[in-house]
Amino acid sequence: MRVNENMESTNMKMKTILLTTAAAMIAAPAFAASHMANEMTIVSWGGAYSKSQLLAYDEPYSEMTGTTIIHDDSSAEAVAKLRAMNEAGNVTWDVVDVVAADAIRLCDEGLALVIDPDKDLAPAPDGTPASEDFGDLLVSECYIPQIVYSTTFGYRTDMVGDTPPTDICAVFDLEAYPGKRSLEKRPINNMEWALLCDGVAKGDVYDVLATPEGQDKALAKLDTIKDQVIWWNAGADTPQLLADGEVVMGSTYNGRLFSVIEEQDQPVAMLWDAQVFDLDGWIIPAGLSPEREARARDYVRFATDTQRLADQAKYISYGPARMSSAPLVGKHAELGIDMAPHMPTDPNNAKNTFLYNYEFWADYRDDIDAKFQAWLAQ
Amino acid sequence: MSDTAQSGPVLAADGTPLKKSLARALRLQKTRALLLIAPLLLFVLVSFIVPIGQMLWRSVENDIVSDTLPLTVQALKTWDASAGELPDEAVYAAFARDMIVAVKAKEHTKLGTRLNYEQTGISSMFRQSGRKVGKWDPVADAPFKQKLIDVHDGWGDINTWRVIQTHARKVTPGYFLNAIDMRLTPDGATTQPEDKRILIKLFGRTLFMSLIIMGSCILLGYPIAWLLANLPMRQANILLILVLLPFWTSLLVRTSAWKVLLQSQGVINEILVWLGLITDEGRLVMINNQFGTIVAMTHILLPFMILPMYSVMQTIPQTYLRAAKSLGATNWTAFWRVYFPQTVPGIGAGSILVFILSIGYYITPEIVGGTKGVFISNRIAYHISSSLNWGLAAALGTILLAVVLLLYWCYDKIVGIDNVKLG
Amino acid sequence: MASTKTDDAFVEFDRVQKSYDGETLVVKDLNLSIGRGEFLTMLGPSGSGKTTCLMMLAGFETATHGDIRLGGTEINNIPPHKRGIGMVFQNYALFPHMTVAENLSFPLEVRKMGKSEREAKVQRALDMVQMGDFGGRRPAQLSGGQQQRIALARALVFEAELVLMDEPLGALDKQLREHMQFEIKHIADNLGITVVYVTHDQTEALTMSDRVAVFEDGRIQQLDPPDTLYEQPKNSFVAQFIGENNTLMGKVEKIDNAANTAEVRLDDGSLIDTIPVNVSEVGERTLVSIRPERVEFNKDRLHADAHTLKAEVLEFIYMGDIYRTRLRVAGNENFIVKTRNAPDQRRLKAGEILDIGWRPQDCRALDA
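Each protein sequence line maps, in turn, to chains A, B and C.
Taking our numbering, the leading residue of the first sequence gets 1, the next gets one more, and so forth.
Taking our numbering, the leading residue of the second sequence gets 379, the next gets one more, and so forth.
Taking our numbering, the leading residue of the third sequence gets 802, the next gets one more, and so forth.
Quick caveat, the hints were computed from the structure, so don't treat them as lab data.
If you're wondering where the values come from, they're calculated on a predicted model, not measured in any experiment.
Take the hints with a grain of salt, since some may be wrong.
Some chain B residues close to chain A (C-beta under 10 Å, calculated; not the full set) [claimed, not checked]:
id, residue
1, Thr487
2, Ile500
3, Gln506
4, Ala567
5, Gln570
6, Leu662
7, Ile665
8, Phe669
9, Ser764
Below, in silico cross-link-like pairs of lysine-lysine (DSS-like), each with a Cα-Cα straight-line distance of 30 Å or less [unchecked claim]:
id, chain 1, residue 1, chain 2, residue 2
10, B, Lys637, A, Lys180
11, C, Lys975, C, Lys986
12, A, Lys226, A, Lys180
13, A, Lys51, B, Lys637
14, A, Lys119, B, Lys637
15, B, Lys579, A, Lys217
16, A, Lys180, B, Lys579
17, A, Lys331, A, Lys351
Glycine is no exception: its CB is placed at the ideal position from the N, C-alpha and C atoms.
Required output: the full structure, derived from the provided sequences and hints.
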């Protein structure tokens, strides 16, 4: 009898478990869906940059709205992935951080939504509309920039003797500055620098580069240092190469150099000459449901207001894209040093800057890249 | 009792013909077997055959021109490009109407990107023109020829229209031509200008480097596999763990570790300088070149060579070597004539694995390859994720697949695929 | 042949010892000489050291101590491939990637023999084992017995004077094995080669050998021609290892060294006649061994004053050519009697009580 009773109760238990499981399984999608409603995926670059966004935008936004934010560090492949998602009809990203060139392509491909700055974004505290506050930096109708960064050179202070370089052409001067240098393994920026140091006037660079002769000229200049170059693919490569003493100078993003110099205290200094400004900012993918789209727009509005952009500069040395944010830039959150002098946009650093031509590269990227790769492989 | 069965077909116990009831029994068995493998079949279909089919299709697919500009393509059919004159107003009107529709659907910039692969500059033509043409009315704003040329002088260039005409086909060999350093021009297929030829070179380099990597895997792997197969159990297990250890470490970590070892301020150079074998100025260049790629990839792929060799060697008893020696063979002869031929199936299996894996590798060459250690897969990755020229990437992938199949076929002809053993 | 002894020894083990781990000896003080043309079998259970001895002779193991000589030359430091000894392995070890002819040709090739000479010798060797038509086959296409023949031919093709065989018939079925035993013996006799044969099958050893060395615990327990080994085992291990054997436990009651007889008092109190083999003192524990076919229960055939024992029949088994009867004798319930199936032979019945006896010389008092 006892045994039977036990069996009975075990059976009962089994039944209960099965029922609960089944119920849970049926309920799961519904639950996930309701959960989804308060969850968004933000795509960015990872590392210190994502951390600065987390502290400046995501945490305050979550606190304010109760939205759970999921991070995905896929910005490097954002264009390809968004295209694949769009083809598959299942876009899982809500807001994506990309560089300007990618934003233009996403917009061209119809993969990003149009954002009207005056309708969708907050005006400056003094009432200036967003379109004026961002000004020229609104390079695409789908794109709201957050920061201005620059690609520039850093050099080893202990490997350049008594005459530290002040001119971009030091990169091409093997006599004065012997040793390896690191350059990005793509034509963009390198071709422009090569032409600048080959005597082409700043204003003529893109006109010259549009001709086959100009392209050959740039490659010929690069050829003079070719066997002294280590080509990098990831932004972290040059800082590491500098720290290891593998190269005497190298190009990378200014924020990476800031962290080598100020945070890791390496014997490295900035060569701001002919730094190339670029932008980093948000796009909203096409193909979102109306609720998700509304929430994505809400997030972008919050994350690009004057105070938020100024806050981000506390954590990383990139300049806010709004003019109204500049006066609000303060000290580094941990090091306590003034951030303004480390911004690429600081007047002292921006004495000689180079303007990157997005339109040009959208047209010539494939053509020049093929040449550049063929030249590399020689 | 057998005489009843002599006449007519053989019957089963229940009177049905034996053949029929056997077929039924087998059908049941087959259905059950099919059901059992159905998940696998489905998986292979979804994850393997469909993507490969898609890739093959994408390498020739070219719907975008005729889909976006249907009227223009139709109108261009009668235009004779060789006459050296611009198309007439009918073509421009058709184009304007197509563009007005395309701009609304945001399709015109996609088409611009596509045609920009063929002629640099078309991308911005479409983008810039789109902003203005989108506001036109197909009837009220006619005629269009001069208006379009005013918007962008590219529309007054005969070449623009020839490119559109040439690439209006729904199925194109263009991507395959690009993949072998050629291009489809209005005048037919020609080779790329010399300063843009790189892909054939990369194919050749990929095959050559893969062969070297395979060779060094054989040379390094053979003695290790032999040790594994012949050491006492306990030591062999430890060695096996050491062989498998790399599998448990991330690929990036392993590759970066080679960087630390091989770079000019790296561990090996420091030791050599310290020992006085090389001078401080004469540090060896061992990374960011082919050597670095070969070293790092040999290390990564070595287990794929060792494991099949090991499992084959394990099945070869020691007595063969003893027998050979007792018959008068020296150690070397015994190894070369008796042991080695029996390990060939293992070498074959390992070589196929390593070769095919290394042909498709791109992370390691990207990190340590510099300019001379880059593989064709790096270009495929570039066209997938950066240039978004998926058609070209698909064509390159298809060629790579064909090369692998061809080599496999050659291997089968020369060595015989039955001669490949994984254990 | 059995008479070839130390005087013209072809193979000699001289105080050979072998240890693998430096702690225990696998072979303890082995002394053995094998005459030219002799067929010598090393017989013993697994782990008795017989295979190790063979491997030392072949050169695959080195002796820890002592000398091994071949034709008067010390060969301890000669590598296996220079010893010129033919060998047949347990699993034949035919090279699977070569044809039968290539397998046979291999030892001739490494001896740099010319092609035509090689082909002639290979064909002759194949004919010898009646496999003349199989030269083009691969080993995997042959049956076990055929592979065995090829392995034998390969060991003989380069005209080795000494051939070692390591349990060569172990993988064959019984009938084929018996056939091959005869054939190997026949070929060895015809060629006049010296064979050292290792087996754990005592029937095989008895059938084929000129002499048998019984190994146990790293020592040769007895080295004798088969008949001596069977009929006059020198100790209880040999008696029990070779052939079937009845054993009775007891104490030596009386010993007469001159007449070479001893009386043994069994544990149940009965007294029997034996010959003392390795007992020497009165009162010593002894194991008495009697072969089942030497037990007699027909009173007429027993010696008049022979001691007899009471026995009870427990089981009668008809085996065709012989009858096998199980008895209880002096407390031993597994006492077997074998009798020939002959017209005048009586079939015992279970439950029958009878007297059994034997000739004293068939009953050997051995170490307990």
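Is the interface hint satisfied for Thr487/B? The criterion is a beta-carbon contact with chain A at less than 10 Å.
Interface hint status for Thr487/B: holds (3 Å vs cutoff 10 Å).
Does the interface hint hold: is Gln506/B within less than 10 Å of chain A, judged Cβ to Cβ?
Where the cut-off is 10 Å and the nearest Cβ of chain A is about 8 Å from Gln506/B, the hint holds.
Does Ile665/B meet its interface restraint, that is, does its C-beta lie within less than 10 Å of any C-beta in chain A?
Where the cut-off is 10 Å and the nearest Cβ of chain A is about 9 Å from Ile665/B, the hint holds.
Given Ile500/B as an interface hint, is its Cβ closer than 10 Å to any Cβ of chain A?
Interface hint status for Ile500/B: holds (8 Å vs cutoff 10 Å).
CA of Lys331/A to CA of Lys351/A, is that 30 Å or under?
holds, 23 Å
Hint validation: Gln570/B versus chain A, beta carbon distance must be below 10 Å. Holds or violated?
Since the shortest Cβ distance to chain A is 8 Å, the answer is holds.
For the pair supplied as a hint, Lys119/A and Lys637/B, confirm whether the alpha-carbon distance does not exceed 30 Å.
Between Lys119/A and Lys637/B the Cα gap is close to 50 Å, so the pair fails against 30 Å, i.e. violated.
Are the Cα atoms of Lys637/B and Lys180/A separated by 30 Å or less?
holds, 16 Å
Starting from Lys226/A, check that the Cα of Lys180/A is at most 30 Å away, please.
With a Cα-Cα distance of about 10 Å, the restraint between Lys226/A and Lys180/A holds, given a limit of 30 Å.
Hint check: is the beta carbon of Phe669/B less than 10 Å from a beta carbon of chain A?
violated, 15 Å
30 Å limit on alpha-carbon distance, applied to hinted pair Lys579/B and Lys217/A:
With a Cα-Cα distance of about 24 Å, the restraint between Lys579/B and Lys217/A holds, given a limit of 30 Å.
Interface hint status, Ser764/B versus chain A (Cβ within 10 Å)
holds, 8 Å
The earlier numbered hints that this structure contradicts are 4, 6, 8, 14.
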